[in-house]
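Numbered according to the UniProt record's numbering, the first sequence spans residues 1 to 800.
What the hints contain is simulated information worked out from the structure, not anything from laboratory work.
Be aware that one or more of the hints could be misleading.
Straight-line alpha carbon distances no greater than 27 Å define the calculated DSSO-like cross-link-like pairs of lysine-lysine that follow [stated by the list, open to error]: (1) 766 with 786; (2) 355 with 344; (3) 786 with 491; (4) 100 with 637; (5) 489 with 790; (6) 513 with 491; (7) 637 with 344.
Have a look at the derived ranges for each label pair, beta carbon to beta carbon [stated by the list, open to error]: (8) 652 with 484: 48 to 58 Å; (9) 43 with 654: 52 to 62 Å; (10) 199 with 307: 22 to 32 Å; (11) 43 with 512: 33 to 43 Å; (12) 110 with 43: 42 to 52 Å; (13) 193 with 593: 39 to 49 Å; (14) 489 with 242: 51 to 61 Å; (15) 304 with 454: 36 to 46 Å.
C-beta: ideal position from N, C-alpha, C; glycine also.
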Amino acid sequence: MTDPSSRHDHDVPLDSSMESPMPKPGGIADRARARRGDFAYLDGLNPEQRRAVEALEGPVLVLAGAGTGKTRVLTTRIAHILATGRARAHEILAVTFTNKAAREMKERVAALVGPVAEGMPWLGTFHAISTKILRRHAELVGLQSTFTILDTDDQIRLLKQVLQAANIDEKRWPARSLSYQIDAWKNRGLDPAHVPPGEAAAFANGRGADLYAHYQERLKTLNAADFGDLLLESLRLLRDNPDVLRLYQDRFRYMLVDEYQDTNSVQYLWLRLLAQGRHNVCCVGDDDQSIYGWRGADVDNILRFETDFPGATIIRLERNYRSTGHILGTAARLIAHNDGRLGKTLFTDDAPGLKPAVTGVWDSEEEARSIGEEIEQLQRQGEGLDEIAILVRASFQMREFEERFITLGLPYRVIGGPRFYERAEIRDALAYLRCVAQPADDLAFERIFNVPKRGLGDATLQLLYDAARRERIPLMQMAAIMVETEELKPKQRQTLRSLLEDFNRWRSLIEAKPQGELAEMILEESGYTDMWQKDRTAEAAGRLENLKELVRSMEEFPDLGSFLEHISLVMDAENQAGGPRVSIMTLHAAKGLEFETVFLPGWEEGLFPHQRSLDESGRAGLEEERRLAYVGITRAKRRLHLYFATNRRIHGLWQTTIPSRFLDELPAENVEVREAASGTAYGGYAQSRFANMDSYGSSYSTPGWQRAQRHQESKQRGSSGQTGGGQEAFKQKNARRGPLQIEGELVAKSSAGSSFAQGARVFHSKFGPGTVAAIDGNKVTVDFDKAGRKMVLESFLQAG
DNA sequence: CATTCGAGCTTTTTT
DNA sequence: AGCTCGAATG
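When you get a sec, could you build the whole thing from the sequences and use the hints?
Spelled out as structure tokens, the structure:
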């Protein structure tokens, strides 16, 4: 975590007066205390959980099924390590996958052992912890410790530039796909030099690895790292610097890893490297809940644990404390359709409870209406809205529910929607701050260069950009040089100069002013706030509100740097407080949560399992979708409702859909098939709904719709084949034309020493031929034949 | 240089 | 269908 308060104190042992002498672990005193009840937190654990907490030495794998008390084991384990004095707070490494999980763990540890946990500087996400390590030793991997963390948006903009520079057709090879590719490589721990040749060839006629290398070069120039780099560079750091590695191996006496099934290769390598020190690593996970394969998560990591860590203790947690018997039975039968599981059998002593209901509806509108009514009914029964969740496969499904709930006046919250910092106005504001904090941040500068509009357009930017690249210096630095020459039109030059002066002034205030005030000042003086105030559109007011919120939240941080770090790594859509609300979120976002009542809409072929998953990953994709379904079902404590619609609008057009194959995989004895609760004013609906139910009912016994499904699959193949043919043709057409080359575009022209002498004849693309009158560094004064005497940059001149 | 209009593309999931 | 990006126009 990037807890600002812990930034400075983590190396320093806590005040020694607070430390009791270390008791000998497992010694007489230890056992006596246990007897006396000092370890009260151990009470109430079942035998397996207790084993998992107490098996502190050596590698441990805890296979924790859904709802078996995984988080409790982890937090109690930390408490136990602290309470027995085996390690102090800053000697424990605890990694989670999401910020939410990290936050929760911190809170729960604090509840167990008190404020000592506040000082757990090494509890956080993989990304946050690697960043922390990376910042301390940044120079060892070619960065400065103030490096910027680029988000996806920045990453794609940068890749666009790389593609442009390489003269690659962006229509044919979109920056987005390259970014996926590079991410995938990074997730696997591959730097440009180690990309398998076959894969490198797959992008842009074999230039994939090359582009990757260029991109990395640009990142270093910008003093920036993308998400993937945080891990990859941190791994490289540890790998290439044994002394640094030793430092952290020694420091982390105990390591804990949450959601181990979701770790990808870099994370795995990173962990393994660190764990080779003291071997006290405890991984908790559930192979049945591995749902991040698309992001490079490798289930094999968990399946391989015993091989990787010989002598590992393996503990299974199979007693479920969350769900009723019917719900558990439903989940168990579904997941049994997957191969390659480690195999766990969840059980509960709980009553069977209500049967999960499967409801067919006509379309997504009726689905929303029906769920809305169901919720209102629950509400009347006194069920809290906080205990109700709607979990969707894809975020576009959310909108329908939002609309419905707004008309109903039903309070809801969307979790994991568009993030606060992804909003345009926030990104703009951040870009200003980044320019101030980090003059080398070209991407930020480019973003606000002409925002608000100040008459600096593409032409000016292009000029600046070309020159900067030729000289290999940051844009802002180049701008500072260019305003002294006559390359730019007077108007632009003046505007740019005053912008740079503004930045210098703001920069000089970093130390003097609290960052909140500074930000306010910047937004004011740059005219950015004005821009939105003048804007009469509906969103403008909200944007100003957001900016205010940004400034306000900045004040909680000790300095600008830690704020910027927080925002790029941690800040998520803050859950607005205020009254209980129904939660709407994706299934992915729901992992780790639980609710009394869960609605799972959209169980239709193509949507769930998602077509893309099937197309891209075949059987493995299907299994991952099934695990996702399993995650969804096991979120429910008491009531579970599944829905499928016969018609759904996808990409704007209505499509008739088939119930998800997963529905057929549920055990008939645990599930109740229902008609939509929603009464509808349209007579036609009831009839269609009935027909719909009919076809669903039959699917339990006859594989009727599976034929239809095969049909659909073959259609899919047909269409994707066509696409492939089209691409092939395109490729050939392009190949005939041959790649265009821009001469010397990427070759660094030495900026040292001028290649022109006084009196030399030169040519400038804008001012024409002329004679060199004087030289000052890379600025050259030229008497142009037509344009008169001008001062220009050397790099704009050719020998004439 | 800014605005407007049209084409094309997207829509899985996230640090 | 809605949006983003790019080209054409003022």
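Consistency of the hints with the structure:
no. : hint                     : verdict
1   : 766 with 786             : holds, 11 Å
2   : 355 with 344             : holds, 22 Å
3   : 786 with 491             : holds, 21 Å
4   : 100 with 637             : holds, 21 Å
5   : 489 with 790             : holds, 12 Å
6   : 513 with 491             : violated, 32 Å
7   : 637 with 344             : holds, 19 Å
8   : 652 with 484: 48 to 58 Å : holds, 54 Å
9   : 43 with 654: 52 to 62 Å  : holds, 58 Å
10  : 199 with 307: 22 to 32 Å : holds, 26 Å
11  : 43 with 512: 33 to 43 Å  : violated, 54 Å
12  : 110 with 43: 42 to 52 Å  : violated, 19 Å
13  : 193 with 593: 39 to 49 Å : holds, 42 Å
14  : 489 with 242: 51 to 61 Å : holds, 56 Å
15  : 304 with 454: 36 to 46 Å : violated, 57 Å
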